[in-house]
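Number of protein chains: 2
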Amino acid sequence: VNNDLNTDLTTFATELADAARTVTLRYFRRPLDIEHKTDTSPVTIADRETEQLLRQRILQRFPEHGLYGEEYGQHGLEQRHRWVIDPIDGTKSFICGVPTFGTLIALLDGSESIIGVIDMPALDERWVGTAGQPTRFNGEPCRTRDCSGLADAALFATAPEMFQGEDAQRFQRLVRRVRLRRFGGDCHAYGLLAAGFIDLVVEADLKPYDFMALIPVIRGAGGVISDWRGQPLGLGSDGRVLAAATPELHERALVVLNAD
Amino acid sequence: VNNDLNTDLTTFATELADAARTVTLRYFRRPLDIEHKTDTSPVTIADRETEQLLRQRILQRFPEHGLYGEEYGQHGLEQRHRWVIDPIDGTKSFICGVPTFGTLIALLDGSESIIGVIDMPALDERWVGTAGQPTRFNGEPCRTRDCSGLADAALFATAPEMFQGEDAQRFQRLVRRVRLRRFGGDCHAYGLLAAGFIDLVVEADLKPYDFMALIPVIRGAGGVISDWRGQPLGLGSDGRVLAAATPELHERALVVLNAD
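Order-wise, the sequence lines are chains A and B. Each residue of the first sequence is one higher than the last, beginning at 49 in the numbering used here. Each residue of the second sequence is one higher than the last, beginning at 49 in the numbering used here.
So that you can see chain A by itself, here it is in the shape it has in the complex (with noise of 0.2 Å):
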């Protein structure tokens, strides 16, 4: 019973990352006025309108349930199943006309991540995971690749000012352990890591809808996602993130995150 309830609600997620993809792909690439938040990250149309979009087809299907967007806050956060949503992940990339924003969309039951979404609208692909089943890529099941020591380990991360303070330290630490690092993701280099391409993304000062979908995508690969000490992420984690193709990868980028 758990497991048909599980598909209906992907399907239902896949088909809000359709709906996305009609907003986002019609406003890529077109001239746009661009806001500035308080937090100084850009804002556009593109981002709410898709977010009001989504917000509308959840509220209409699942009245009942709760609800925690990047751009129009939260609602019903009581409640058992909640939704957790980034209508445009990489929003920078987005305005400057790279192809590499996402859309992402988490269902939450209870703190548990059971539903996650990771989608590419203008590359055309999406990684879709549900908790307890193998994770898919273009609806084929994918796997992260087998990499167990840093040495071997190619790292990406969205961009170096994620990291403050002591964190690009520790960063900088691991990044001289590993094979290989590259800036300028977003949400893309997780998906990389679940279907094998890559084997570490190292992230800070992220938000609960960039991350709480990644779960299921990384999981269901064979992968580890955690915050920096090891930690399970939720709504409540400190924004740090350290996923990782194999166990053995994200005990050893753990030691060295966390070495003295």
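Treat the hints as calculated values from the structure; they're not laboratory data. If you're wondering where the values come from, they're calculated on a predicted model, not measured in any experiment. Honestly, I wouldn't trust all of these hints.
Derived DEER-like restraints, expressed as beta-carbon distance ranges [said to hold, decoys possible]:
hint: 1; chain 1: A; residue 1: 105; chain 2: B; residue 2: 157; range: 51 to 59 Å
hint: 2; chain 1: A; residue 1: 306; chain 2: B; residue 2: 109; range: 29 to 37 Å
hint: 3; chain 1: A; residue 1: 73; chain 2: B; residue 2: 187; range: 18 to 26 Å
hint: 4; chain 1: A; residue 1: 282; chain 2: B; residue 2: 282; range: 40 to 48 Å
hint: 5; chain 1: A; residue 1: 171; chain 2: B; residue 2: 286; range: 32 to 40 Å
hint: 6; chain 1: B; residue 1: 208; chain 2: A; residue 2: 191; range: 30 to 38 Å
hint: 7; chain 1: A; residue 1: 282; chain 2: B; residue 2: 73; range: 35 to 43 Å
By construction, the Cβ of each residue, glycine as well, lies at the ideal position given by its N, Cα and C atoms.
Guided by the hints, dock chain B onto chain A, whose structure is given.
Just chain B, lined up with the frame of chain A:
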């Protein structure tokens, strides 16, 4: 006559890009052995096979032309016409499954870069520049954006480690003046500039095969491209590149890069 010749050569350059796609896309997101060159940059069989194919085609059609490629060096550099090619620009992206890698093809007439192709196989995007003609983005004429002030400019660079020593400070000085900075572009950033989505690309530590193809693309779209002293780029340039959407923006960026 000169225009007809340039049109024929441009057609041939795009045929080269078509041929390169068949190789790069065959290897993209497939398991690959990665070697590390003496400068530690990664190289794969995809880089080597693509360059071999392009060399073969050029030699067959224009045996009298010179050729300079990233992987197999140069010959005939004393010739009037010389091809300068980078089979895979953004090998790091390529080996990580990131679709923003590209193929760069330039033709020099004397010291002048008269034809440039920026081809993005996995994105199905192509910019073609021919001296004296408007740059084409996927077949359609494109223009840079009308951005003249640093405070309005979006600036891209591939990675922070490009900027060593004093260059890092010069780059940071410019970053503090612009609206937005993003890492992770590879050659795609120059295409985005030519198509009017971003306004500045500032890089260092580039080789001639990284930048010779960019020149006709940027110029034919109304932009300006030079080294950090404002001098034209050539085979003997020092690897610092500044591309701007407008002459005014280019001048202002030069002033900041060269301020004491």
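Going through the hints against the structure:
Remark: the range hint 51 to 59 Å for residue 105(A) to residue 157(B) is upheld by a beta-carbon distance near 57 Å. In this structure, residue 306(A) and residue 109(B) break the distance hint of 29 to 37 Å, their C-beta atoms being roughly 59 Å apart. For residue 73(A) paired with residue 187(B), a C-beta distance near 20 Å keeps the hint of 18 to 26 Å intact. Against the hinted window of 40 to 48 Å, the Cβ-Cβ separation of residue 282(A) and residue 282(B) comes to about 56 Å, which falls outside the hint.
For the hinted restraint 32 to 40 Å between residue 171(A) and residue 286(B), the CB-CB distance of approximately 35 Å keeps it satisfied. Our hint of 30 to 38 Å for residue 208(B) and residue 191(A) holds, since their Cβ atoms are close to 32 Å apart. Range check, residue 282(A) to residue 73(B): about 41 Å between beta-carbon atoms, so the 35 to 43 Å window is met.
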